[in-house]
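Trainee: So you can see what is in the structure, the chains are spelled out below.
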Amino acid sequence: MWAAVLKTANTFSFSINKEIEGSFTVEVLICWTCHHSNCRNYKQKELGIKKWKGNFQLKKQKEEIALSPLPGEGSSDKCFSVSPCLRFKDMASLSELQMRFWMDKAVQWGQATSPSTQQDISEHMQSLETFLQQLVHTLQTMSSTTEAMKSFPFVGQFLGRLCWNPYVTADGASRRLLLQCMWLLYSAEPQNVVEHRANVWIRDLLCHLTSEDEGSMVHALEKHAGFPPQQYYSGSLKKMVALLTTEVNINHIASAASLERCRFDSIHSLSVACIPLVTCPEVAPLIGALLKHYNLCGCSHLSEDFIKAVTKAWLSKKLVMEDEAVIALWCCSLSSLEQAVLLLLEHILSDPKVMHNLETVVTDSLLPKASALHCHIFLIVNDVFRNALISIEENLALRGLLQVFTSCFLQIRAAQRPQERLPLRSFFPHVPHNLLTPLLTAPADVPKHVWLEHLSWIGTLLEKFLSERNQEEDSRRGHRAVFETWFLLVQCGHWIDVAAKLLVSVGSEQSKPLLFLLTFYHHPTNRGHQNTQHNTVARQAWSDLRSLFLTHTLSPEQLSAVNELLCSLSANLVLCLLLNFAIFSQASTSRMTDVIQKVLTDAGVRRRAMCMLCTMHQRLKGDSALDARLTMLEDRLRTA
Amino acid sequence: MEAVLQNLESSVELLAVSQTDMVTEWDGETVDRAFQWAQYCEHLHTRFLTNPSVRAALESRLRETNQLLAHTFAGHRCVTLSDLAQCRHRLLTGLLKNPATPHPVIKSLLDKFGLAEDAESDQRVDLSDLSACRSACKLLGDFTVNRKSDSGLSAGTHVHGMMLLQRVQAILSQPGNLDYATKLLNCLLEDSREGPDSLGALIAAALLSTDTTSENTAAQDFLLDWLEGHDGLLHSVCQSLPPELCTRLSQQWTKFRLAYWDSLKRSASFLEYDVSNGLWTQPCDSTVSFLTLTERVKFLWSSGSPLKDETEEWLVALKQADGDFEVKGLNEMEFFFFPFLAFLVLETMETCILSTVFPHIALRVACRDENTLSSSAVEGLHSQLSSQTHHSSSK
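Sequence order for the protein chains is Y and W.
Just so we're aligned: the first sequence equals residues 211 to 850 in the working numbering.
Just so we're aligned: the second sequence equals residues 4 to 398 in the working numbering.
Honestly, the hints are just simulated from the structure, not real lab data.
Nothing here was measured: the structure is a model prediction, and the numbers come from that model.
Wrong hints could be hidden among the right ones.
[To be verified] Here are the simulated lysine-lysine pairs, BS3-like style, with alpha carbons at most 27 Å apart:
1. W:K110 <-> Y:K360
2. Y:K711 <-> Y:K722
3. Y:K360 <-> W:K100
4. W:K268 <-> W:K311
5. Y:K315 <-> Y:K518
6. Y:K831 <-> Y:K563
[As the list claims (entries may be wrong)] Listed next, with one range per pair, are the computed distances between beta-carbon atoms:
7. W:T83 <-> Y:Q343: 39 to 49 Å
8. W:T49 <-> Y:Q343: 48 to 58 Å
9. W:T49 <-> Y:K522: 31 to 41 Å
Even for Gly, the Cβ is constructed at its ideal location relative to N, Cα and C.
Start from the sequences, fold in the hints, and give me the full structure.
Mentor: Below you can see the structure in the form of C-alpha cells.
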C-alpha cells in the first residue's frame with residue numbers, strides 16, 4: 211500500500227498506491243541500519259516514531275516530509291542507511307483480541323498432524339502472514355524485548371508454537387516472518403533475566419528448526435549412519451516424493467482399469483499437505499501426479515486452496531511442472547486457465563518486443579497444446595480472446611496473437627493421431643461449415659497458383675453469407691453470426707496476409723474479392739453505414755499505391771493522398787497495403803525507401819507499421835531476398 | 004595422510020573451541036571459516052567412510068584428539084567418526100547453545116537461515132533449504148503408503164529404511180567393513196529412545212525396498228542376519244509389525260518366515276485355556292491375545308501359494324510333533340482351522356479334558372468365510388466330522 215523513497219538524507223517522499231478516503235494518522239518509522247561490515251556499532255536501531263497527521267482525500271497521493279538528522283552520529287554517516295517505513299495508525303496497533311485469536315489458533319493447531327488441522331491452517335495462511343507482518347512492524351516500534359514481553363506476554367509462546375508447526379515452517383514467507391520476529395526479540399545486550407531467557411529460547415528455537423529431537427529414530431539414524439542433515443533431508447524428501455508419486459500414479463491406473471473407487475483415499479489430505487510446498491522444487495513431481503490423478507480418477511477431490519496455490523506458483527514461475535500436469539490443472543480449474551490466458555494477453559499487449567518471437571511465446575504458454583487436446587479449453591481460451599477483441603478490435607498485437615495461436619493450434623492438431631482428433635466443427639461451433647474448410651486450410655497446403663482462386667472462393671462464400679445475414683429479420687442473431695465469421699477470419703489471418711500480398715501483383719478485375727476480404731477484415735461492422743466509403747477508400751488506396759510503386763515517376767498528389775488516408779479511419783488497411791507493396795513489389799529499394807519516408811511521417815503510424823513489419827518478418831523468415839528488404843525497411847523506420 | 008590427519012585434528016579443536024568462552028572473540032568471518040573447516044570434515048567422512056584402513060587412522064587420531072581436549076576443556080563432547088558427517092550442523096548447534104556466542108555471530112547464523120529476503124545464494128547457504136526440506140519431510144512422511152501389501156508403514160518409515168539400506172550397502176560394498184556395519188546397527192539400537200519397535204519398522208521397510216540391485220539384496224541379507232542375532236528384538240518386531248507386513252516379509256524372505264513362525268509358536272505357548280468359560284486367555288497383558296494370533300495366521304493363510312501351503316505344512320508338522328491329536332470340545336470359539344488350534348491346545352492343555360465338537364465349529368466358520376479355508380480343507384473337515392459322528396454313535 212505504501213511506497214516510500216528516500217530523496218535526500220533528510221527528506222523522503224512517499225506515495226499511496228491504493229485509493230483511500232478520509233483522514234488518518236500516519237506513523238513514520240525510521241530505521242537506521244548499519245551495513246558497514248567493519249563498523250563496531252553493528253546494530254539496527256530505531257530512532258523513534260515521527261507522528262505525522264495527514265488529511266488524505268480520495269486519490270490524494272503524494273507527500274513529502276523532512277527528517278531530523280540522526281542524533282549524535284550525523285545523517286551524513288555513510289555506513290548507515292535509512293529505511294523509512296510508513297503505516298496507518300490503526301493497522302499498526304495489534305489488538306489484544308487479535309493476539310488472543312492467533313494464540314488460540316496456534317494452540318489448536320499444535321504440530322499440524324491431522325488433515326483437518328492442516329486444512330484449517332491453509333485457510334488461515336494468508337491472514338496469518340498479514341498478522342505476522344503486523345507483529346514484525348509492532349515489534350520494530352518496541353524499545354526493548356522487556357517492553358515487547360510486557361505488551362505481548364504470549365508472543366514467545368506464540369512464535370514457539372508456530373516454529374514447531376511444520377505446516378507453517380514449510381512455507382518460505384511465514385518462516386522468514388517468524389525469523390524476523392525472533393530476531394527483533396533478540397537482545398544484543400540483555401539487561402535483565404527476561405531478556406537473557408528470551409535469547410536462550412530464541413537460540414533453542416533456531417536449533418529446533420534444523421535438528422531432529424534427540425532420542426528420535428531419525429536423529430539416531432542421521433547421527434550413526436553419518437548423514438549430513440542437508441543431504442539427509444533433501445535425499446529423504448526426493449525419495450518420499452518419488453514414493454508418493456508412484457503411489458498416486460499406480461492408483462489411478464488401477465482405478466481406471468477396474469472402475470473401482472481408488473484405493474489411495476488420502477488424495478485430498480495429500481493435496482492439503484502440499485499447499486505450503488508448492489514452491490519447493492523437490493515436490494513438483496508429486497503435485498503433477500495429484501493433478502493428473504484428479505483428471506483420470508474423478509473419485510477424489512483436490513483441495514481448492516491447493517489448486518489456488520499451484521496456479522499462483524506456476525504463473526509466477528516458482529513451480530515448474532511437466533506439460534501434462536499444467537494441462538491437468540486447467541482441466542480441473544477454470545479460473546487457473548483464465549488466469550493463464552490473461553497473463554499471456556497482458557504479456558503480449560504490454561511489451562511490443564514480444565512480437566519478435568510471438569510464436570515461441572504462444573507455444574511456451576502451452577495453451578495451443580492444451581486446446582488441441584481438450585476442446586473445452588480451446589473454447590474458453592477463445593472466449594477470452596473474443597472479449598478482448600470486442601474492446602480493442604483495432605489492436606494489431608491482439609490480432610497477431612489470435613492468428614499465431616490458431617496456427618499453432620492447427621499445427622499441433624495435425625500432428626495428433628487421427629483417432630485422437632475431435633472434428634474441427636466442435637472447435638468452431640458458431641461458424642458456417644462451408645467457410646471452415648477453406649479458411650482453416652493452411653496456405654502452404656494449397657498450391658501457389660490457385661491461391662487467387664482459393665481466396666475468390668472464400669470471398670464469394672463470405673459475401674453470400676453477409677448478404678443473407680443482412681436480410682435476416684432477427685438482426686441481433688444476424689450480427690452475432692457476422693461477428694463469429696469475422697472472428698474466424700481474424701483467427702485465420704494468414705489468408706488475409708496472402709490476399710494483401712497478391713494485391714501487389716493482380717489486375718483490377720482480380721483485385722475485387724481480395725479488396726473485399728481486406729476491407730471486411732479491417733472493418734467488420736457497418737458502423738456509421740460507412741461500408742461503401744471503406745470500399746471506395748480501399749480501392750483508391752490500392753490504385754494510388756500501385757502507381758506509387760509501379761510507375762516511373764513519383765506523383766506528389768498520390769503521395770499526399772496516401773498520407774491523408776493513413777490518418778483516416780482506414781489507416782490499418784492502407785498501412786497493410788503499403789507495406790505489402792513496399793516488400794513484394796518489384797520497385798527498386800531506393801523507390802521503396804523514398805515512398806516510405808515520405809508517407810510514414812506520423813509517429814503513431816510508424817509505430818503501427820513497425821508492429822506489422824515485425825509480424826511479417828516472423829512469417830517470412832528464411833527468404834533471404836525479402837529478409838534484406840524487410841531489415842532495410844525496419845532500419846529506415848527506426849531511424850526516421 | 005599426515006596432513007589430512009593434522010587438518011582433522013585442527014577442525015576438531017576448532018569445534019571444541021566453538022563451545023567455550025573463547026568464542027567471544029569470533030566474528031562473522033571467523034564463523035564462515037569455521038564452517039568451511041567443518042565442511043572439510045564432512046568431505047573427509049564421505050570420502051573415507053568405506054575405506055577400512057583410512058577410517059581406522061581417522062578414528063585413532065580422533066581418539067587421541069578427544070583425549071587431549073577432554074583434559075583441556077571440562078565437559079568436552081567427544082567427536083566420533085560419524086559425527087564428522089554432521090560437523091557443520093554440530094558447529095551451528097554448538098554456537099547457538101553456547102551462551103558466550105557474541106551477537107554479530109548469532110546475526111550471521113540467522114542470515115544463513117535466510118532472514119533477509121534478498122540475501123542471495125551465497126548467504127542463505129542451506130539452512131533455509133534445510134528447514135524447508137525438514138518441514139516438508141514431516142508433512143509428507145506421515146502419509147501411509149496404502150497399498151494393501153505394505154500397509155501400516157508410513158512414507159517416512161519407508162524412506163528412512165531406504166536411507167539406512169543405502170548406507171549399509173555403501174559400507175558393505177568395500178571388503179573388511181562387516182564389523183563397522185554391525186556397529187552402526189548396534190549404536191542405532193542403543194541410541195533410539197523410541198524403542199526397538201521403531202528400529203524394527205525401519206529394518207522392515209529396508210527389507211521391503213523394491214529398489215533392489217544385487218548389492219542391495221546383500222545389504223538386506225545383512226540386516227536380516229543382524230536381526231536374527233538379536234533374538235529379543237526379532238521376536239518383538241514380529242509381534243509389533245502389522246500382520247499384512249509380516250506376511251509380505253515372510254513371502255519375500257525365508258529367514259524371516261522361519262523367525263515369524265517361531266515367534267508365533269512362542270506367543271501361542273503363553274496362552275492358557277480357561278475351561279469354565281471355554282476361552283483362551285493371556286496370562287498377562289504383555290503376551291499376545293488369542294485373537295491377534297489367529298489373525299496373524301489368517302493373513303499367512305490368505306496370502307496364497309506358496310506361503311499358504313508352507314504354513315499349512317508347518318502347522319501339520321507341529322501337530323504331528325505334538326502327538327497328532329484331534330482337538331475337541333471348545334465351545335463357541337471362532338477358530339479358523341483346526342491344525343493350528345491343535346498345536347495351541349497341545350502346547351498348553353491336558354488332552355483328556357477335550358471332548359466332542361470342534362470340527363462343527365470349524366466347519367461353520369469355514370462356511371461363513373469361505374476365503375479362509377480352501378475347498379479341500381472344507382472337504383477334509385466334512386469327512387472328519389462324519390467319521391467322528393460315526394465314532395460317537397458306535398460308542
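Trainee: Evaluate each hint against the coordinates.
Mentor: Results for each hint:
no.	hint	in the structure
1	W:K110 <-> Y:K360	holds (24 Å)
2	Y:K711 <-> Y:K722	holds (14 Å)
3	Y:K360 <-> W:K100	holds (26 Å)
4	W:K268 <-> W:K311	holds (17 Å)
5	Y:K315 <-> Y:K518	holds (23 Å)
6	Y:K831 <-> Y:K563	holds (17 Å)
7	W:T83 <-> Y:Q343: 39 to 49 Å	holds (44 Å)
8	W:T49 <-> Y:Q343: 48 to 58 Å	violated (41 Å)
9	W:T49 <-> Y:K522: 31 to 41 Å	holds (39 Å)
Taken one by one, the earlier hints fail for this structure only at number 8.
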